[in-house]
Every structure is written in structure tokens, then in C-alpha cells.
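K.L.:
If you want the building blocks of each chain, they are given just below.
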Amino acid sequence: MRITETVIMIIYLLFCILLGVLSQRRISSSNQGIDEYYAAGRNIGTGMNSLAMLAALGSGGSFMAIVGTAWNLGIPFIGWMVVGSCVGFPLASILVARQLRNSKKITVSEFIEDRYKGSNFLKIAVPIIIIIGSGMYLMSQMKAGGLMTSYVTGLNYEWGLVIISIVFFLYVSMGGMLAVTWTNILQGLLLSLLTILLVVAGIINLPIGWGEFLKSATEQNAALGIAGGTVPIAGYIGAFLTWATAVCVTPHLIMRVFTASTIKSAKLSLNISMLIFGLLMASTIFVIVPYVPTLGETVLQSNPSDMWMLLIAENFFGPLLMGIIAAGVLAAVMSSTDALLLAISSSVAYDLYKGVVKPDATRTQILKVSGIATWIIGIFVMILTLNPPPFLIVLYTAAVGFMVSSFFSPIVLGIWWKRTNNIGAIAGLISGSVSFMIAFLFFDLPYNSEILIGLPISLLVTIVVSSLTEKPSKEVISRMESYHR
Amino acid sequence: MQENNWFPLPRRDGLFILGLLLYTVIFFSPWTYNVMILNISLLAWGAYLLCILAPLTGIMLALKDKEANLETNIEGGES
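Sequence order for the protein chains is H and V. Using the numbering used here, the first residue of the first sequence is number -6, and each one after it goes up by one. Using the numbering used here, the first residue of the second sequence is number 7, and each one after it goes up by one.
Isolated chain H (complex conformation) (with noise of 0.2 Å):
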């Protein structure tokens, strides 16, 4: 075991369940109840959640895995998939943060059921698509959060996986938006200034200039800096598109904008966040990825691509830097973890219990039942990545596309197109879902360009039905206006 690592971790957990307490207790003491709950009563501000966001979005796999992933599968493609982020959020500013705001609502359940009004099947299916679609998500960052604590502890991956999910679930059945939103501000702020200081040992332990060290790296890895390397373009492509679009979309980033104080602080929020992720990713890659080939190949074998950046840090500090650059990666897993469990537990106790099964259900009961569901999903996901399937990064990727394909045209065309009806929107849904799934399941197409068949078709349908049937009511129009105001 390695003590001071392990010991710098208990403390940063500690920490966490320590937030979540104060948050129940903000919480049972507040009059707002389920908007504290869900968007942290909606005040916190700009620097905060630029944060939060980062911290969001920064998670065990962009943070820990980013240098083993380059390596693997080149730094073009992986530029694609992180400017995919960059220019989605700054999307997702103008196409969806107002509107959002201005609807007034908690979830992107709860949005797409105001704007929809009436439809029984989208109250349904909405909710067990966000369901299925972050527990895919879910489950590669607790294969993360399993590994990370496996090599701090010294237990084996079994032991660490039950032990840090025990954490999650304790803190985010506890606390809510409110204990996920502080702790992803820590979280964010430790991942920054870890990345920065990763960087800068980087930089000053370079052995040779930095130019020529990159060469030499592209020399021992011929496909590194080759366009169509490793993935074909059409990968590039599907990469960059999904995370463009998914974050107007995915409910554990979209979130953010409800905890926002004002429309101006989400923007700018986005924005930020954005900036801050950039700079961190891309000097990642090109100061860290040409020190893999000094590992050595024996390291290289016997270790996952995803410890690599830890094995590289460990030649530049020693155990207590170590502990804490632990933590910080144990905050990127953590970060993307709570927020997906919220995700889950609040369409499970908002959008299915309120929505569907009980809608005077009292804010106690949706508490009780938010909690519950963070416990049963959680433990169930849990068992699942005990036996991880495969290709995780696969599953990762495809889950975000998978609901990219399924929302996008119903929200965002439902925000913009005055046509948009609810035919249109559950045709648009249930053709971009399964058209995803088909292509996912039983067509050999590149690594992530699934999103290429399921996107368009999705957009196309939802118009078509639209225009062929009948237009929205003056209501509907009218609360569509009262989005843009």
C-alpha cells in the first residue's frame, strides 16, 4: 500500500461525505427543497460554475486516460474528440443555455415535457433513455474510479471499485446538485492546477527541446501525428460531432445551465469552462504523450494505457505530490460519476415518479425515492463493471451518441422550428435511437461514426412528420416565445 497516497485520498473522500452532510442539512432547512435539491437553488456563480463544469466534464477519461488514448489512437483523432467539447459547449450557449433558463425547468425531462405537453410516450421513454444512456456512461468512470483506488490502496480492482462507488452513492443520495456542485468546484480547481503542474514538471524535465522531443516520439510511433492513422477520417468526423452536439443535450453537462444564477453567468460559464478544458487537454497531450516511450516497453505491456500518465508523473514527484495528483484524478472520475447519478436518480424521481406515477407526490417522498434510485442504479452498475464488457471507450463514446441521436432534434428543433409537433418529436426520438442502435449493434462501421446515420436521420424524420401533420396550437407557440424572451 502506499501510505501517504492512500492516506491524502481518505482525507479528500472524507471531505466529500463531509460536503454532502452540509448539503442535507442546507437542503432539509430550505423552503425551495427540490430546486435546491436538483439545481443548487440556482445561485451559484459564473467563476464557480465554470468549475463545476470543467469538472463536469473533465472526467476519468479525459483526464487520466488522455496520454495512454493519444498514444493509442493518435493525436489528430484525439484532438477532434476534444475540440468536439470545446465548440459544443460555446454551442450549446446560444443554441440551448437561454431557452433552458427561461423554461423554468429542472431536468431536460421535465423541458422536453413542457415543451411537448400531452405526450405520455415521451414522459416515458425520455427519462429511460437518459436512464440507459449515462448508466453506459456510468460505468466506464467507475471502471476508473475502481482502478484509480486499486492502485493508491494497493486492493485489488474488486475491492477498490466497491469501495470509492459506496463514496459516491453516500454523497450524492446525501447532498444532491448542491453537494455535486461543491464538490465539482473542488474537484475542478484540483484538476486545473494538477494538470498545470503535471505540465510544468513535463516542460522542465524535457531532455531535449520540446520540437525535437515530439519528433523522436512520432519516430517511435509512426501513426501518432498521421491524419487517418489509426481511426479513418469518417471516425474523426463522428468523434468531433458527437461531443459538438452532445452537450446541448446530455443531462449531466446540460444541467449546469439550471444552476446558474443568470443566463449571461451560464454563458459565460460554458464558455470558460471550455477555455480552462482546452488549454489543459492540448498541452497535456503535447507535453506528457512523447514521455510514454521512456516508460519502456516492459512498463508499457504490463500496465493499462490509462495508468501511464500516473506512471510518468511518478518519475517527476514524489509520494505526497503523488497522493495528491491522485486525488485530483480520483476528483476527474469522481466529478463525471456524481453528476451522471444524479442524472439518473433524478429521472427516476422526478420525471418517472412525479411525472408519471405520482404527481402529488410531496418533496420528501421524491427525495426519499431520488436517493433510492442513486442506491439501486448505482449498486447495479456497480455489479456490472465488476465484469467490465470490453471496449469501454466504445460504450463511453456510443452512449453519448446514443442520446445525442434520440434528444437533439426534439429539443433543439423544438426550441428553434415553430413546426416541431409532437409526432414529429417522438418520430424524431424513436428514429434516431434505433437507427444509432442498428448501426451500433450490427454494422462494422468506423470507431464512433455511428452518430453520421443517427443524427441526420433523426433531424430529417422529426421535420418531415412535422410539416405533413398539424401544426402546434398559439399555446405552444406561445410557449416557445416565452423561451426567446
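Rather than coming from a laboratory, the hints here were simulated on the basis of the structure. Keep in mind that the hints are not guaranteed to be accurate.
[What the hints assert, rightly or not] Cβ-Cβ distance ranges computed for the label pairs, FRET-style:
hint, chain 1, residue 1, chain 2, residue 2, range
1, V, P36, H, R(-5), 47 to 57 Å
2, V, R18, H, L453, 20 to 30 Å
3, H, G40, V, G25, 26 to 36 Å
4, V, V31, H, L434, 24 to 34 Å
5, H, E290, V, V31, 32 to 42 Å
6, H, I189, V, M66, 16 to 26 Å
7, V, G25, H, A227, 19 to 29 Å
8, H, K110, V, I43, 47 to 57 Å
9, H, F373, V, V31, 35 to 45 Å
10, H, I376, V, I43, 41 to 51 Å
11, V, I58, H, I376, 33 to 43 Å
12, V, P36, H, E205, 25 to 35 Å
13, V, M66, H, H477, 17 to 27 Å
14, V, V31, H, I201, 30 to 40 Å
[Claimed, not checked] Which stretches of chain V does chain H cover? Using the computed rule of at least three CB atoms under 8 Å from a CB of chain H, they are:
hint, region
15, 11 to 21
16, 34 to 46
17, 56 to 70
Every residue gets a Cβ at the ideal spot worked out from N, C-alpha and C, and that includes glycine.
Given chain H's structure and the hints, the job is docking chain V onto it.
P.N.:
Using the frame of chain H, we list chain V on its own:
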């Protein structure tokens, strides 16, 4: 499809989206694939440059959004 069926997009925002589209089309065109800088394809450099350009432009647009400037704190929780 009638034009008035769409809500108008502010001019600056529309130009930003158009610019993004143009940028990606230019960099995804095959001419960038074999232009190498430090043995890395220009296609990749285009992506990393956009990582900074896109959010910076987004920040400027948000700061210049006069309507959002006038927005007061929206109280939620009525639902």
C-alpha cells in the same frame, strides 16, 4: 417551409456557427492531411487551435449579449 417558422438567431451567433462550420470544412478537407508540422498533421493542429478560438469567441459573444446583460437573477423553484 416558411422562414417565419424559425425563431431568429442573433446575427453574431449565426455568424459564429457559420464560421465554425466553415473552419471544420476547411480543416477536414484532404489538403490538410499531408501537411506536417513537427511530424503532426495540419488536421490535428487545426483541432487544437479551435480548442482556444471557439471558447474565446463564445466568451466575447456572451459579454456582448446586451439582453443577457440586462437579465436579473431568475428565481426558480416555482414549478
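K.L.:
Decide, hint by hint, whether the structure agrees.
P.N.:
Hint by hint, here is what the structure shows:
1. V:P36 to H:R(-5): 47 to 57 Å: Holds - the Cβ-Cβ distance for P36 of chain V and R(-5) of chain H, about 49 Å, lies within 47 to 57 Å.
2. V:R18 to H:L453: 20 to 30 Å: 29 Å, holds
3. H:G40 to V:G25: 26 to 36 Å: The hint (26 to 36 Å, Cβ to Cβ) holds, given that G40 of chain H and G25 of chain V are roughly 27 Å apart.
4. V:V31 to H:L434: 24 to 34 Å: Holds, at about 31 Å.
5. H:E290 to V:V31: 32 to 42 Å: 41 Å, holds
6. H:I189 to V:M66: 16 to 26 Å: Between I189 of chain H and M66 of chain V, where Cβ atoms are some 24 Å apart, the hint holds.
7. V:G25 to H:A227: 19 to 29 Å: 24 Å, holds
8. H:K110 to V:I43: 47 to 57 Å: 54 Å, holds
9. H:F373 to V:V31: 35 to 45 Å: Roughly 43 Å apart at Cβ, these two residues keep to the hinted range, so it holds.
10. H:I376 to V:I43: 41 to 51 Å: Holds: the Cβ-Cβ distance is about 48 Å, inside 41 to 51 Å.
11. V:I58 to H:I376: 33 to 43 Å: 42 Å, holds
12. V:P36 to H:E205: 25 to 35 Å: 29 Å, holds
13. V:M66 to H:H477: 17 to 27 Å: 22 Å, holds
14. V:V31 to H:I201: 30 to 40 Å: Cβ of V31 of chain V to Cβ of I201 of chain H: about 37 Å, so the range 30 to 40 Å holds.
15. 11 to 21: holds (count 5)
16. 34 to 46: Holds: 8 residues of the region 34 to 46 of chain V have a Cβ under 8 Å from chain H.
17. 56 to 70: Result for this restraint: holds, n = 12.
When the structure is compared with the earlier hints, no violation turns up for any of them.
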